[in-house]
Amino acid sequence: MKDIIQVKNISFNYADQPLLFDNLSLNVHEGEWLALIGQNGSGKSTLARLIDGLNVLKQGQIIVDGLLVNDENILDIRNKIGMVFQNPEDQFVGATVEDDVAFGLENRQVDREQMHHIVERSLKNVNMWDFRDRIPANLSGGQKQRVAIAGIVALSPQIIILDEATSMLDPRGRQDILNLVREIKAKNHLTVISITHDIDEAAGADRVVVINHGKKIDEDVPDKIFANTEQLEQIGLDAPYTSQLIAALKGKGVNLNQQYLDSERLIAWIKQLVSNK
Amino acid sequence: MDKAISFEQVTHTYQANTPYAQNALADVSLVIPNNSFTAIIGHTGSGKSTLVQHINALLKPTKGSVQVLGKVITSATTNKNLKAFRQHVGMVFQFPEKQLFEETVIKDIMFGPKNYGVSDADAQQAAKSAMKLVGLDESLAEKSPFDLSGGQMRRVAIAGVLAMKPEILILDEPTAGLDPRGHKEIMDLAQQLHDKDQMTIILVTHQMDDVVNYASQVVVMDEGKIVKTGTAAEIFADPGWVYKMQLNLPSSAEFAQKLVDSGVPIGKLPLTIDQLATKISQLVAEGADTDE
Numbered sequence: 001m002k003d004i005i006q007v008k009n010i011s012f013n014y015a016d017q018p019l020l021f022d023n024l025s026l027n028v029h030e031g032e033w034l035a036l037i038g039q040n041g042s043g044k045s046t047l048a049r050l051i052d053g054l055n056v057l058k059q060g061q062i063i064v065d066g067l068l069v070n071d072e073n074i075l076d077i078r079n080k081i082g083m084v085f086q087n088p089e090d091q092f093v094g095a096t097v098e099d100d101v102a103f104g105l106e107n108r109q110v111d112r113e114q115m116h117h118i119v120e121r122s123l124k125n126v127n128m129w130d131f132r133d134r135i136p137a138n139l140s141g142g143q144k145q146r147v148a149i150a151g152i153v154a155l156s157p158q159i160i161i162l163d164e165a166t167s168m169l170d171p172r173g174r175q176d177i178l179n180l181v182r183e184i185k186a187k188n189h190l191t192v193i194s195i196t197h198d199i200d201e202a203a204g205a206d207r208v209v210v211i212n213h214g215k216k217i218d219e220d221v222p223d224k225i226f227a228n229t230e231q232l233e234q235i236g237l238d239a240p241y242t243s244q245l246i247a248a249l250k251g252k253g254v255n256l257n258q259q260y261l262d263s264e265r266l267i268a269w270i271k272q273l274v275s276n277k
Numbered sequence: 001m002d003k004a005i006s007f008e009q010v011t012h013t014y015q016a017n018t019p020y021a022q023n024a025l026a027d028v029s030l031v032i033p034n035n036s037f038t039a040i041i042g043h044t045g046s047g048k049s050t051l052v053q054h055i056n057a058l059l060k061p062t063k064g065s066v067q068v069l070g071k072v073i074t075s076a077t078t079n080k081n082l083k084a085f086r087q088h089v090g091m092v093f094q095f096p097e098k099q100l101f102e103e104t105v106i107k108d109i110m111f112g113p114k115n116y117g118v119s120d121a122d123a124q125q126a127a128k129s130a131m132k133l134v135g136l137d138e139s140l141a142e143k144s145p146f147d148l149s150g151g152q153m154r155r156v157a158i159a160g161v162l163a164m165k166p167e168i169l170i171l172d173e174p175t176a177g178l179d180p181r182g183h184k185e186i187m188d189l190a191q192q193l194h195d196k197d198q199m200t201i202i203l204v205t206h207q208m209d210d211v212v213n214y215a216s217q218v219v220v221m222d223e224g225k226i227v228k229t230g231t232a233a234e235i236f237a238d239p240g241w242v243y244k245m246q247l248n249l250p251s252s253a254e255f256a257q258k259l260v261d262s263g264v265p266i267g268k269l270p271l272t273i274d275q276l277a278t279k280i281s282q283l284v285a286e287g288a289d290t291d292e
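Those sequence lines, one after another, are chains S and B. So for the first sequence, UniProt numbering puts the first residue at 1; every next one is plus one. So for the second sequence, UniProt numbering puts the first residue at 1; every next one is plus one.
There's no promise every hint is true.
Result set (DMTMM-like, lysine to aspartate or glutamate): computed pairs, CA atoms no more than 25 Å apart in a straight line [as the list claims (entries may be wrong)]:
{"hint": "1", "chain 1": "B", "residue 1": "184", "chain 2": "S", "residue 2": "230"}
{"hint": "2", "chain 1": "S", "residue 1": "271", "chain 2": "B", "residue 2": "274"}
{"hint": "3", "chain 1": "S", "residue 1": "215", "chain 2": "B", "residue 2": "147"}
{"hint": "4", "chain 1": "B", "residue 1": "184", "chain 2": "S", "residue 2": "200"}
{"hint": "5", "chain 1": "B", "residue 1": "63", "chain 2": "B", "residue 2": "27"}
Computed Cβ-Cβ distance ranges for the label pairs, DEER-style [stated by the list, open to error]:
{"hint": "6", "chain 1": "S", "residue 1": "255", "chain 2": "B", "residue 2": "238", "range": "29 to 37 Å"}
{"hint": "7", "chain 1": "B", "residue 1": "243", "chain 2": "S", "residue 2": "133", "range": "25 to 33 Å"}
{"hint": "8", "chain 1": "B", "residue 1": "98", "chain 2": "S", "residue 2": "108", "range": "25 to 33 Å"}
{"hint": "9", "chain 1": "S", "residue 1": "112", "chain 2": "B", "residue 2": "45", "range": "30 to 38 Å"}
{"hint": "10", "chain 1": "B", "residue 1": "229", "chain 2": "S", "residue 2": "255", "range": "40 to 48 Å"}
{"hint": "11", "chain 1": "S", "residue 1": "206", "chain 2": "B", "residue 2": "243", "range": "25 to 33 Å"}
Far from chain B, some chain S residues (derived; all Cβ distances over 12 Å) [unchecked claim]:
{"hint": "12", "residue": "2"}
{"hint": "13", "residue": "112"}
{"hint": "14", "residue": "118"}
{"hint": "15", "residue": "158"}
{"hint": "16", "residue": "184"}
No lab work stands behind these hints, which were simulated from the structure alone. Beta carbons are placed, not taken as given, at the ideal position from N, Cα and C, and that holds for glycine.
Bound conformation, chain S alone (with noise of 0.2 Å):
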């Protein structure tokens, strides 16, 4: 499988900081949705900067796509992603819903009927074309989010990053947009890094890794990541909820030589067990 992105033994620092990346390296896989965990403060947005070319490196090196992270290849690079922020009015500037939506093309000097044509599909893409002549401050969190998705869609990037993306909505609306990315990533074949501290956002990945301190200190599939609960709690993260329920089952003498298992399974378990007598 091809690396869309490789992060070669990279250091980094904010001026006056201690380093925050010492010698990092990981890469993502092309198609693949990867989840970057790790509690705030950890770098992992950062490293999402530096992916964008948002901040500098000091050491080491950045490849998207094959081209190299600097001044030279920065617009390119970013015409191949596209990234969701926190609070989505951070990231408003049109005047209506379609305004913002266009805003992006516009930039790109795209002809009018044609950027017609893409805001109209990008918005029925998530759902908000019915709200196009909206002011986008009046809408909800999760609609704003769903339009800054637009925005982004309407550029056809090959990377969506999504910077703690869901933290603001509740949880219907965290649900709905992760939903809205999954569908969007498998119609148009996208790489998805999702920055979260959100276990049950990680635990949809097709990868986890796990970043504490500026370092990477795990990397595998959610299963094997969501087991070792120890670490994970070590680094300031909740435990899987099902890994949760696991121990205290366990402190009823109710045992599973596990400590994850995801939702079905343990229900299949414990159905299982109940009916089994």
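Following the hints, complete the assembly by docking chain B onto the known chain S.
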């Protein structure tokens, strides 16, 4: 128990007397007892924020009256008289760290009391005890608030509210965007302010596990109306209704519901992980039959 706050048939209309007039609160009556921990839940746009903004007089009722700590606000209350309300009602908005602006942590926390005419020395004293209350080390006092971590910045913002020594504290989604550790710290702080410092806490939240773990009273809003008031157990007893309100169940109730759906006879939905584990272990011991 004394009441800290009461709403009597309060209606609030945004842009009243214009074609855009919209009722954000419709005939709301509510009592919040002194030293209670009240959670206000409801989907986005249900009127939660409009409701709490009446408690610290950021909004006045269009109709009806609001009573806070013995003082009454109606549509006729002059704006000049509203300041007195706010001194006793601390409001922590969403992402309060966005409102930090001073050069140092201590100056930022002192800003509120000074704004109410407290002397420099007294404001500093109040700021120091507020820092202690929220668990910020004294060594941070002279640092720039912008050099702190997200969780610490949020605590500085909360300390700024607490330095005014409010009797009522309103927290509007205080943990949004924080990681699990930061989340727990802020919620434990709210509980401590309630238990040890006898404050009346009002929590606006989307997190149903917090409602179960912290609140003594729950208010559910929908379309500008209060549709149910009760304990967490009463509110979550009817999952169908909860979903209809576009809300979620607490994690354990949600998981239990999935077990019920797959034929495990859980009975009444448990609200906490401990209750659920107890129920499952009983079923295993009894050897219950699953109904297919």
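For each hint, the structure was consulted:
1. Taking the CA atoms of residue 184 (chain B) and residue 230 (chain S), the gap is about 18 Å. The hint holds against a cut of 25 Å.
2. For the proposed pair residue 271 (chain S) and residue 274 (chain B), the alpha carbon gap of about 18 Å is at most 25 Å, so the pair holds.
3. A distance of roughly 21 Å separates the Cα atoms of residue 215 (chain S) and residue 147 (chain B); the hinted pair therefore holds under the 25 Å criterion.
4. At roughly 17 Å between alpha-carbon atoms, residue 184 (chain B) and residue 200 (chain S) fall within 25 Å of each other, so this suggested pair holds.
5. Restraint check: the Cα-Cα separation between residue 63 (chain B) and residue 27 (chain B) comes to about 8 Å, which is no more than 25 Å; the hinted pair holds.
6. About 34 Å separates the C-beta atoms of residue 255 (chain S) and residue 238 (chain B), a value consistent with the hinted range of 29 to 37 Å.
7. The supplied range of 25 to 33 Å is met by residue 243 (chain B) and residue 133 (chain S), whose beta-carbon atoms lie about 31 Å from each other.
8. Between residue 98 (chain B) and residue 108 (chain S) the beta carbons are some 31 Å apart, a value that agrees with the proposed interval 25 to 33 Å.
9. For residue 112 (chain S) and residue 45 (chain B), the hinted distance range of 30 to 38 Å is satisfied, since their beta carbons lie about 35 Å from each other.
10. Look at residue 229 (chain B) against residue 255 (chain S): about 42 Å separates their beta carbons, and that is inside 40 to 48 Å.
11. Residue 206 (chain S) and residue 243 (chain B) have their C-beta atoms about 30 Å apart, which keeps the hinted 25 to 33 Å range intact.
12. No beta-carbon of chain B comes within 12 Å of the beta-carbon of residue 2 (chain S); the shortest separation is about 32 Å.
13. With 12 Å as the threshold on Cβ separation, the claim that residue 112 (chain S) sits away from chain B holds: the shortest Cβ distance comes to roughly 32 Å.
14. With a least CB separation of 29 Å from chain B, residue 118 (chain S) remains clear of the 12 Å interface cut-off, as annotated.
15. Residue-level check passed: residue 158 (chain S) sits 28 Å from the nearest beta carbon of chain B, beyond 12 Å.
16. The claim that residue 184 (chain S) is not at the interface with chain B holds, since no C-beta of that chain comes within 12 Å of its own (minimum 23 Å).
Violated hints: none; the structure is consistent with every hint.
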